[in-house]
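S.K.: Both chains come to you apart, so use the hints to assemble them.
Here is how the chains run, residue by residue.
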Amino acid sequence: MDKRDVIVCRCSDLTLADLEALFNTGYKTFEELKRIARIGMGPCQGTTCGPIVRSAIHRRFKEPIERIPLHRARPFNIGIKLGAIKEAADDES
Amino acid sequence: MGTEEAVVIGAGPAGLFAAYELLLAGADVTLIDRAAQAGGQLVKQTHKFFGSKEHYASIRGIDIRHRLEHALEKNGDGRLRTLYSTTVAGFYADGALACVKAERYYRLHPEVVVVATGASERTVAFAGNDLPGVYAAGAVQTLMNEQGIRPGNRALMVGSGNIGLIVAYQLMQAGIQVERVVEAADEIGGYQVHASKLRRLGVPIETKTTIKRAFGTNQVEGAEIWRLDAKGEGIAGSEERLTVDTVCLAVGLSPLVELLSQLSVDTRFIPEFGGVAPVLDETYMTSRPGVFACGDVANVEEASTAMVEGRLAGIHAAGYLNRQIPRRKEKIQALETSLRTLRSGPASEHVRKGLRKVGEHA
Ligand SMILES: Cc1cc2nc3c(=O)[nH]c(=O)nc-3n(C[C@H](O)[C@H](O)[C@H](O)COP(=O)(O)OP(=O)(O)OC[C@H]3O[C@@H](n4cnc5c(N)ncnc54)[C@H](O)[C@@H]3O)c2cc1C
Ligand code: FES
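As they're listed, the protein sequences go chains A and B. In short: position in the first sequence from 1, add 7, done, that's my numbering. In short: position in the second sequence from 1, add 5, done, that's my numbering.
Mixed in with the good hints, there may be bad ones.
Subject to a maximum C-alpha distance of 27 Å in a straight line, what follows is the list of computed DSSO-like cross-link-like pairs (lysine-lysine) [to be verified]:
#1 A:Lys-10 with B:Lys-213
#2 B:Lys-236 with B:Lys-79
#3 A:Lys-35 with B:Lys-236
Computed spacing ranges between beta-carbons, pair by pair [unchecked claim]:
#4 B:Ser-90 with A:Phe-68: 41 to 51 Å
#5 A:Glu-94 with B:Leu-206: 50 to 60 Å
#6 B:Asp-68 with A:Thr-32: 48 to 58 Å
#7 A:Asn-31 with B:Pro-209: 38 to 48 Å
Hints listed in this document are in silico derivations from the structure and should not be mistaken for laboratory results. Beta carbons: idealized from backbone N, C-alpha and C, even for Gly.
Okay, chain B solo, but in the shape it has when bound (with noise of 0.2 Å):
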C-alpha cells in the first residue's frame, strides 16, 4: 500500500534532524510524537547545553527545540504532516503502524520508517521502592521543569552520571535540599564541572554508596544508605539514615526498542549503549529494510550526536527513496566526521568501545 512515503516516529533531536533531512530531499514525511510538543527530552532540559557551537553548546535544551521546529516549518513546504499526542501503539511484520490518538485508533503504511523513539530510564531493586516519593530523575525533571511541581522538600539523589547531576543541581535551584548524592561505583560518572557546581553548594557525593531501602509509612520518611565492598555488595553495619521525602534515581537509561522488536529485528545487548539496542548498518538501517534507527533509541547518549546521527539516517532513508541530494557523498562524509569529533573525548570512551563491539560483528 505504502500510504506514506516517510514516517518518522518520535520528534527528539534525532526524530526532528531525520525529518529535516528528508524534506530537504524532497521527501513528503509524517512526524509522530506520544507528547503534545516536539522536543523529546530536550523539552526538560532548562540547563545550557556543552559541547562546541556547530552542536548548540551554551544554548538550553527548550530553546534548541524551537530552533528546529522553525528550520522544519521553513524547508517543510507544504510536505510536513506533524501528529503530535500520538503513540505508535505496535508495529507489524506488514509493515503497518498503529497509532493511537486519544480514542482513534488507525494505521499508516509507509514506505520508509525511521525510529527515534529515545530511551527509557532504568530503575533499581529496593526494600520499599514502590513507596510514593520515589522517583526517576526523568519524572522529577517533567515534575519542576515542565509542570512547575515540587516533588519534595529534601532528596536523595541515587547515581553521579550526568543527569544525576544535573537533575540534582536542578533540585537545589528549585529549592529542595539534596541531602547526598550516592554512586555505585568508584567514581563519580558525569563531568567534573557538574560535580563541582554541586560541591559549591555543599552536597556530598559519595562513591561506593548506595541505597539500601526507603521506609515510610504512606510515603517516603526516610532512607538507608550503606557502602559496598569491592564485589558491589552493601556492608552490613555502615548504613546510614538520611531524613528525606524524596528518592529520585538517576541509574541510566535503556534504548526503547518496544517498536523495532515487535517487529523482530536483529538486536543485540551492548552495556556500553545502555541495553539492548537494533543491530544497523552504515546508512542506519535495521536488519530489516526500509526501517532506520537514530538517536537514543540505537545508542543512549546525548542530543548532540542524536542530532548528527538523526540527519545521517534522514539522508539515508531518503536514498532508500531514491531521492536525489545534491553532493551527497560529502554531506554524508562531513558529518561523519563531525560525529567522530563528537565522541573523541574521554567520557565518550565507552561508546566508542560499544562501536567497536558493534564493528566486529557487522
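The shape of chain A in the complex, shown without the other chains (with noise of 0.2 Å):
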C-alpha cells in the first residue's frame, strides 16, 4: 500500500505518508497536528479526519485508544462572512 494515496484529512489534504512523517518528527497529539499541519481545521472541523488520526496514533504510540483525546472543537463549525457577524454586532447594539 502506498500511504501516499490514503488521505487521512481530506479537508486539509494530508495523506497517511505526511502523517507518519510528523510522527517522526515528534507531533503526536491532535492539537499538535492541527498546530502544525491545520488537520481538524477544515470544513468538518476534523469529524472525518479525528477517527482516523486517533487510530493512525494508538496504532503508532499503543496508547489505550480511549486515552487519546481529539481537539477542542471552537466556534464556528462553518464558515461565516464577517460582514455578517458585523450587521448583527450592529442591530444588538
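M.R.: Right, dumping it as C-alpha cells:
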C-alpha cells in the first residue's frame, strides 16, 4: 500500500505518509498536529479525520484508544462572513 | 439575557420529542435544524422500522416524521418557533448560540438548551479513498432516497451493520448491482433479517474481509478487497479485484459533539456509544447546568431509543425551567421502563455495556 495514496484529512489534503512524517518529527497529539498541519481545521472541523487520526496515533504509539484525546472544537463549525457578524453586532448594540 | 426559554438543536426524532414534551409542559420552544425540514435521519429511511408498535414499528421512517410534525403543531399552541435551514455554528461559554441562515448571522440567549444533533459518519483510511465514487452510506441514501439520483452502477459495500445491510438492499432496489458486502469483524454486524434479504438477492457477504484500495484515473473503476488475519492485518496474496464504480462505506457513526465540545462540557470516549460522548446525569443534563443532550449525540443507537430519550430530556429540561408537569413521576418511570425494554435484546448488549461503564464512573 502506498501511504501517499491514503488520505487522512481530506479537508487539508494530508496523507498517511504526511502524518507518519509528522510523527517522526515528534508531533503526536491531535492538538499539535492541528497547529502544524491544519488537520481538523477544514470545513468538517475534524469530524471526518478525527477518528482516523486517533487510530493512527493508537497504532503508532500503542496508547489505549480511549485515552487519546481529539481536539477541543471552537466556534464556528461552518464558514461565516465577517460582514454578517458585523451586521448582527450593529443590530444588538 | 435569556431571550429564549428553551432551544432544541436538531429536529431528528430526539429533538422533535424533546420539543414536544417542552411544549406540553407549557414552555416556549425554538426548534433549530440546519436541514430544510424536520426529521433528521428519518428523512432518508424508506424502509419499515423494526421494534414494537409503541415505537412505530413497521412504519417507514419518512412517515414517522410526518406524524411527529403533526403532533408538534397540534400541541404547539403558538409557542413553537421552527428555524429550519439554520445552523447553530457556535455555542459560547456564556451560553449564547451563534446561528447562521444563508448569509444572516444572529445570536440567541436561551435559558435551557437540548442538544440533539445526532451523529456523523465515520470513514476508513485506504489507498484511493479520495476518488470520486467513494461515498459514506448516508450520502448514498441522501442521493438515492431524497434526491432520486443513482450513485453508480456497480457497488462494493464496506460494513455489514444494519446501515450497511439496509443501504446495500436499497442500492439493489434502485437497480445498482452490489458485488459484495465486506465486513472486517468475524460476524455480520446487523440483524439476520436484513442479511437474509440480501442473500436472497444473491449478494455475497464476506466477513474478516475489508477494502485494500480503490483505483481508477478520475473516478473509481475498481476496488481490491483482502482477507484479514486474527490480528486484523491484511493477508498478502488474498487480494481480489472487483469491477465497481461505487464504494460505499458504512463503518459506523460517532456522536456529533462539536457544539458540546465548544462549550467544554465533560466528555468521555465510550466505544460502545460510537466514540466521544457527553457525560450525562440521570436527567440527561451535561456538566453544564441547563444544557441537556439526547439521541445519537449522547449514544449512537436507534430512532426508537432516541425518541424516548428525547421525551425524557424534554421533561427534565422543563423541570429545570420549573414548569409543572402533571403526573411527572409516573411519566418518567414509564419512559425509563420503555427504554429498558427497547434495550433488552441481544442487539443492545453493547449499549448496556456502555451504560454500565458510564454508571461506574458517574
Ligand atoms: C440506514 C439507517 C437505517 C436505520 N434504521 C433504523 C430502524 O429501522 N429503526 C431505528 O430505530 N433506528 C434506525 N436508524 C437509526 C436512527 O435513524 C437514528 O438513531 C436516529 O435518527 C437518531 O436520532 P437523533 O434525533 O438523535 O439524530 P438525527 O436523526 O441524526 O437528527 C439530528 C439532527 O440535527 C441536525 N443538526 C446537527 N448539527 C446541527 C447544527 N449544528 N445546527 C443545526 N442542526 C444541526 C441535523 O441536521 C439533523 O436533522 C437507522 C439509521 C440509518 C442511518
Ligand atoms: S477531514 Fe480533516 S478537517 Fe475535515
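S.K.: Could you say whether the range 48 to 58 Å given as a hint is met by the Cβ separation of Asp-68 (chain B) and Thr-32 (chain A)?
M.R.: Given range 48 to 58 Å: holds, Cβ gap about 54 Å.
S.K.: Go ahead and decide if the range 50 to 60 Å is satisfied by the Cβ distance of Glu-94 (chain A) to Leu-206 (chain B).
M.R.: This hint holds: roughly 55 Å between Cβ atoms.
S.K.: Go ahead and decide if the range 38 to 48 Å is satisfied by the Cβ distance of Asn-31 (chain A) to Pro-209 (chain B).
M.R.: 41 Å, holds
S.K.: CA of Lys-10 (chain A) to CA of Lys-213 (chain B), is that 27 Å or under?
M.R.: 22 Å, holds
S.K.: So if I understand the rule, the pair passes when the alpha-carbon distance is 27 Å or less; does Lys-35 (chain A) with Lys-236 (chain B) pass?
M.R.: Since the Cα atoms of Lys-35 (chain A) and Lys-236 (chain B) sit roughly 24 Å apart, the hinted pair holds (cutoff 27 Å).
S.K.: With the threshold set at 27 Å, check whether the alpha-carbon distance from Lys-236 (chain B) to Lys-79 (chain B) stays at or below it.
M.R.: Judged against 27 Å, a Cα distance of about 55 Å means the pair is violated.
S.K.: Verify the CB-CB distance for Ser-90 (chain B) and Phe-68 (chain A) against the hinted window 41 to 51 Å.
M.R.: 43 Å, holds
Taken one by one, the earlier hints fail for this structure only at number 2.
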